Amino acid sequence: MATVAETNPAPHSAKGTGGHSWTRWLVVAVPYIWLILFFVAPFLIIFKISLSDTAIAMPPYLPTFDGFGSIGEFFSELDFENYIFLTDDPLYIMSYLSSLRIAAISTILLLLIGYPMALAMARAPTSIRPTLVMLVILPFWTSFLIRVYAWIGILKPDGLLTLALQTIGLMGEGEQVQIFRTDYAVFIGIVYSYLPFMVLPLYAALEKMDNTLLEAASDLGCPPWKAFWKITFPLSLPGVIAGSMICFIPITGEFVIPDLLGGADTLMIGKTLWTEFFGNRDWPLASAVAVILLVMLVVPIMIFQNQQKKVV
Amino acid sequence: MAKSLGPVKRKFSPWTDPNAVPFIRFENITKRFGDFVAVDNLTLDIYEREFFSLLGPSGCGKTTLMRMLAGFEEPTEGRILLQGQDISGVPPYRRPTNMMFQSYALFPHMSVEKNIAFGLEQDNMPKGEITARVQEMLKLVKLEQFAKRKPNQLSGGQRQRVALARSLAKRPKVLLLDEPLGALDKKLREETQFELMDLQQTLGMTFLIVTHDQEEAMTVSDRIAVMDKGVIMQVATPAEIYEAPNSRYVADFIGDINIIEGKVADTASALGAPGAVKIETEGLSITVDQECQAVKGDHVAFAIRPEKVRISPDAPADPSVNAFYGEVWDIGYLGDFSLFIVRSEDGRFMRAAQANVSRLVDRPITFEDKVWLTWPRDAGLVLTR
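From first to last, the protein sequence lines stand for chains V and G. 1 is the number of the first residue of the first sequence in my numbering; add one for each residue after it. 1001 is the number of the first residue of the second sequence in my numbering; add one for each residue after it.
None of the hints are false.
Mimicking SDA-like on lysine to any residue, the simulated pairs with C-alpha atoms at most 20 Å apart in a straight line are:
no.	chain 1	residue 1	chain 2	residue 2
1	V	K230	G	P1126
2	V	K226	G	V1090
3	V	K230	G	R1094
4	G	K1173	G	S1013
5	V	K230	G	P1108
6	G	K1150	V	T232
These are calculated hints, taken from the structure and not from any lab test. Because the structure is a prediction, the values reported are computed rather than measured.
Construct the complete structure from the given sequences, taking the supplied hints into account.
Here you go:
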């Protein structure tokens, strides 16, 4: 059948679908045009800047594109100097590693807190589940920045936490909580901010699980705690991976939380990037940092994509 | 010689032995879900190696009863004894019962052999023995070449076999089957019913099956419990249920039947036969040979299966008793049977089924023909409930 259709296309149907295929292409093209305009093009600009040299000028780098006449000269001035510099100074490597470490620990914390939450939500009576989902996304109704600022108010030495602990007598009058401007505060801020992104994919995976599977496991002699590891957890793996990726990737590049809650020694690549751009005005080096970060994060995304394909 | 009801399937009837000890005993079981009473003060004995069916419409409590035996629900009142042991409070994973679920509940992330091995692994059976048992089970359900497949790569019938193999693998004392064949088409269902019976005979297990399909229950069971609204209406062999239902409900639920309401006009002695009942109803006089509790004047029902009613264009010798005259209103041709719906002059209906024993008929009965429906005195029965 297929070969007949290929070698012998019916003229009517070809004419008939002509208009349709044009609109179909348009529909497909829109997101691609969007991606090219707002992702590929800016990325190429950043990539180009990362190959340039700093200059005291406006914009603060050289060479700039002066038209096609001097295009040979333009390309000859580009080099990988900034990338080589990144490997020379341990600060950058430390920043990357520290970011990955903080992102990894945060993701594990998020899983440990988010999984029981998602499981409880999925096991809750059907009638109250929408309310529980609503409660999880409720924080989004307030600005992210305001919520992080609120944590400053809680965690600072004379903040609400100290006050609360002093009131219930767990802490003496003169003592103060020393969490603010440490890595602990960063973890608290990250876990708090990203929890919905972990809970929702986990909930989606757990909610669609057939409860009779657990009954079957129990019927075959498997006690509930064992059934969790043999049935529930393996079946929720797509949710675990999705949640972990959705959290891990943006946490690695996180800037606001370490900047507001972290201390001077909290090293994260987002902060380093900000310092290079706005503190040192070294746009080329900052661009190189950004390009490396992107490449680093593409790897987990590809793992994620691969996993998704397997599930389908 | 005493007559018996229907064919005898096998010589197995521990329920008639007063000394037999029941294997499973439901004792005054009541189960409430909030205000809803799913099972109402129910007592039932099931014997070892019995193939027992719980039959009833959806919501009659049959599945709840089974789930209480499996341990997924606890009775609100009463207790369940298994081999004389009260099993209340014993969690499902410690009960010697295994269940085949209506949805099959196969673990989607495990291969066929892993699914079958699951229960055995829980018992910490040695690896070699597990492999051997899994192979044996795969052979039993004829799925050897599908061992490595995942459930979603199997057809409905194959999945059902995996579910069966999984529930049989542990050699449970009692196998519970919850609407096991519901998802199969008719041919495959009938085949599987016979396979289930063979399996039950070979393995010597007690099977408890929940179904709403009366044909399925009739085919496979030693005994059937017909349930309605949490109460057992009758427990009996398939033949007894069909030929001697104890109530209008059971008679109507199983198979096709004519039910004619009437009043007892006379009993036994006057009719010359020991234990005979004469029922009068408007324009119809019915005599039944049956020992009956009813006395003169009682409201009763006369019930007769359509296949026991004869249809003929000729008047019977005595048209005053056990005869119904009318015109053919509707004909259902079922291939093996033809069903005639006959309407009397006063607008009452009665159904007669005739086996199509020969391919060609001289003078077929057709619409608007005037016909006589007749039946012998022992063909129907009187229902007082």
